[in-house]
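J.: Sequence:
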Amino acid sequence: MLIVNVPNAFAEGNAPNFLQFAKNASEVQVSLSEKGRSISKIEEKLSPYFTETFIDQFIEENIVETEEGYQTLGSDFALYYIPYFSYSDRTKLVEYKDQVYIVENFDEQEGPVAFPESYQGVRLTKEDGWKIADVLWVVPKEIIKKAQSTDVKEFEGKSGILIAPLISPISTIHNIIPVFWQYKNEVLFK
1 MLIVNVPNAF AEGNAPNFLQ FAKNASEVQV SLSEKGRSIS KIEEKLSPYF TETFIDQFIE
61 ENIVETEEGY QTLGSDFALY YIPYFSYSDR TKLVEYKDQV YIVENFDEQE GPVAFPESYQ
121 GVRLTKEDGW KIADVLWVVP KEIIKKAQST DVKEFEGKSG ILIAPLISPI STIHNIIPVF
181 WQYKNEVLFK
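Numbering of the sequence shown is given in full-length UniProt numbering, commencing with residue 1 and proceeding in unit increments.
Calculated from the structure, these hints are not laboratory results. Yeah, the Cβ is synthetic: ideal placement off N, Cα and C, and Gly gets one too. Accuracy of the hints is not assured; some may be wrong.
Claimed, not checked - As a list, the in silico SDA-like pairs of lysine to any residue whose alpha-carbon atoms are at most 25 Å apart:
#  : residue 1 : residue 2
1  : K97       : K41
2  : K97       : K35
3  : K145      : K45
4  : K45       : F77
5  : K97       : I55
6  : K41       : S149
7  : K145      : N105
8  : K45       : K97
9  : K23       : A78
10 : K97       : A78
11 : K23       : K145
12 : K145      : P112
13 : K141      : F85
14 : K145      : D128
15 : K141      : Q71
16 : K126      : K35
17 : K23       : E104
18 : K35       : Y81
19 : K41       : E52
20 : K145      : E104
21 : K35       : R90
22 : K35       : A114
23 : K41       : A133
24 : K23       : E67
To be verified - Quick list of the computed label-pair ranges, beta carbon to beta carbon:
#  : residue 1 : residue 2 : range
25 : Q148      : G74       : 18 to 24 Å
26 : D107      : K45       : 14 to 20 Å
27 : K35       : E110      : 17 to 23 Å
28 : L79       : E108      : 25 to 31 Å
29 : P116      : S40       : 37 to 43 Å
30 : K41       : K145      : 17 to 23 Å
31 : E67       : S88       : 38 to 44 Å
32 : S75       : I39       : 16 to 22 Å
33 : T53       : F77       : 32 to 38 Å
34 : K145      : S40       : 40 to 46 Å
35 : K145      : E108      : 19 to 25 Å
36 : G111      : E52       : 15 to 21 Å
37 : L73       : D98       : 17 to 23 Å
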């Protein structure tokens, strides 16, 4: 275990409403399908919520040119979209290594895109304020453990002490897609 002194994102006076922030960010993503826009207008809508790198990846993967401009099209499995959090007591906030994670355990899903029961989430980092940096289709075990602990429920502590185990790199959409597609193909072709 590594013990470090960090500014506590959840300390009084520091804590934005991370769940409302994620909900607003998700609504902005969904709104990009409503009408065509210029790429600069899309970047402008996304920039209060997402890092520059994330915006570039989101646009590359999801934005298409239409007769009306640029917009997103519907999909059952679109990359870089915030998971459909319930924004309830099932949705947990975890502070870890100067990052904030919003995670939720999703029940098994059936349909055009099937998922086993799993945690999904987003990682926020400080880039000109708090911004979403990654969508996590596989949440690291250390983050899940913290989400399941009683430490997660209120975040009213004023201590800047964070106890953080060393972890392997976080799984993001970049390194999980091959695993997802392999899993999906196994399910489809049983």
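J.: None of the hints should be skipped; say for each whether it holds.
T.: Verification of the supplied hints:
For the hint pairing K97 with K41, the CA-to-CA distance comes to about 33 Å; that exceeds 25 Å, so the pair is violated. Taken as a hint, the K97 and K35 pair is broken in the structure, with Cα atoms around 39 Å apart against an allowance of 25 Å. Pair hint K145 plus K45 does not hold up; C-alpha atoms about 34 Å apart against a cutoff of 25 Å. Taking the CA atoms of K45 and F77, the gap is about 22 Å. The hint holds against a cut of 25 Å.
Simply put, K97 and I55 have alpha-carbon atoms about 23 Å apart, close enough for the 25 Å limit, and the pair holds. Between K41 and S149 the CA atoms are separated by roughly 41 Å; this puts the pair beyond 25 Å, and the hint is violated. Taken as a hint, the K145 and N105 pair is honoured in the structure, with Cα atoms around 12 Å apart against an allowance of 25 Å. A distance of roughly 28 Å separates the Cα atoms of K45 and K97; the hinted pair therefore is violated under the 25 Å criterion.
Distance hint between K23 and A78 is fulfilled; the C-alpha atoms sit about 17 Å from each other, no more than 25 Å. For the hint linking K97 to A78, the alpha-carbon distance of about 28 Å lies beyond 25 Å, and the restraint is violated. Distance hint between K23 and K145 is fulfilled; the C-alpha atoms sit about 24 Å from each other, no more than 25 Å. With a C-alpha separation of about 30 Å, the suggested pair K145 and P112 falls outside the 25 Å cut-off, and the hint is violated.
For a cut-off of 25 Å, the pair hint linking K141 to F85 stands: about 19 Å separates their Cα positions. Restraint check for K145 and D128: not satisfied, since their Cα atoms lie roughly 29 Å apart, outside the 25 Å limit. At most 25 Å may separate the alpha-carbon atoms for a hinted pair to count; K141 and Q71 exceed this at roughly 35 Å. Simply put, K126 and K35 have alpha-carbon atoms about 31 Å apart, too far for the 25 Å limit, and the pair is violated.
At roughly 13 Å between alpha-carbon atoms, K23 and E104 fall within 25 Å of each other, so this suggested pair holds. For the proposed pair K35 and Y81, the alpha carbon gap of about 18 Å is at most 25 Å, so the pair holds. Simply put, K41 and E52 have alpha-carbon atoms about 14 Å apart, close enough for the 25 Å limit, and the pair holds. For the hint linking K145 to E104, the alpha-carbon distance of about 12 Å falls within 25 Å, and the restraint holds.
For the suggested pair K35 and R90, the alpha carbons sit about 33 Å apart, so the restraint of at most 25 Å is broken. Distance restraint check for K35 and A114: the Cα-Cα separation of roughly 29 Å exceeds the 25 Å cut-off, and the hinted pair is therefore not satisfied. Distance restraint check for K41 and A133: the Cα-Cα separation of roughly 20 Å lies within the 25 Å cut-off, and the hinted pair is therefore satisfied. Only pairs whose Cα atoms come within 25 Å are accepted, and K23 paired with E67 is rejected, the gap being roughly 29 Å.
Restraint check, Q148 to G74: a C-beta distance of roughly 34 Å breaks the suggested window 18 to 24 Å. Between D107 and K45 the beta carbon distance is about 31 Å. The supplied range of 14 to 20 Å is therefore violated. K35 and E110 have their C-beta atoms about 32 Å apart, which leaves the hinted 17 to 23 Å range violated. About 21 Å separates the C-beta atoms of L79 and E108, a value inconsistent with the hinted range of 25 to 31 Å.
Separated by about 40 Å at the C-beta atoms, P116 and S40 satisfy the suggested range of 37 to 43 Å. At about 41 Å, the CB distance of K41 to K145 disagrees with the hint of 17 to 23 Å. Separated by about 40 Å at the C-beta atoms, E67 and S88 satisfy the suggested range of 38 to 44 Å. The given range of 16 to 22 Å is respected by S75 and I39, whose C-beta atoms sit roughly 19 Å from each other.
Between T53 and F77 the C-beta distance comes to about 21 Å, which lies outside the given range of 32 to 38 Å. Between K145 and S40 the Cβ separation comes to about 42 Å, which falls inside the hinted range of 40 to 46 Å. At roughly 21 Å, the beta carbons of K145 and E108 sit within the given window of 19 to 25 Å. Look at G111 against E52: about 33 Å separates their beta carbons, and that is not inside 15 to 21 Å.
Checked against the given bound of 17 to 23 Å, the beta carbons of L73 and D98, roughly 36 Å apart, lie outside it.
Checked against the numbered hints given earlier, the structure breaks hints 1, 2, 3, 6, 8, 10, 12, 14, 15, 16, 21, 22, 24, 25, 26, 27, 28, 30, 33, 36 and 37 and satisfies all the rest.
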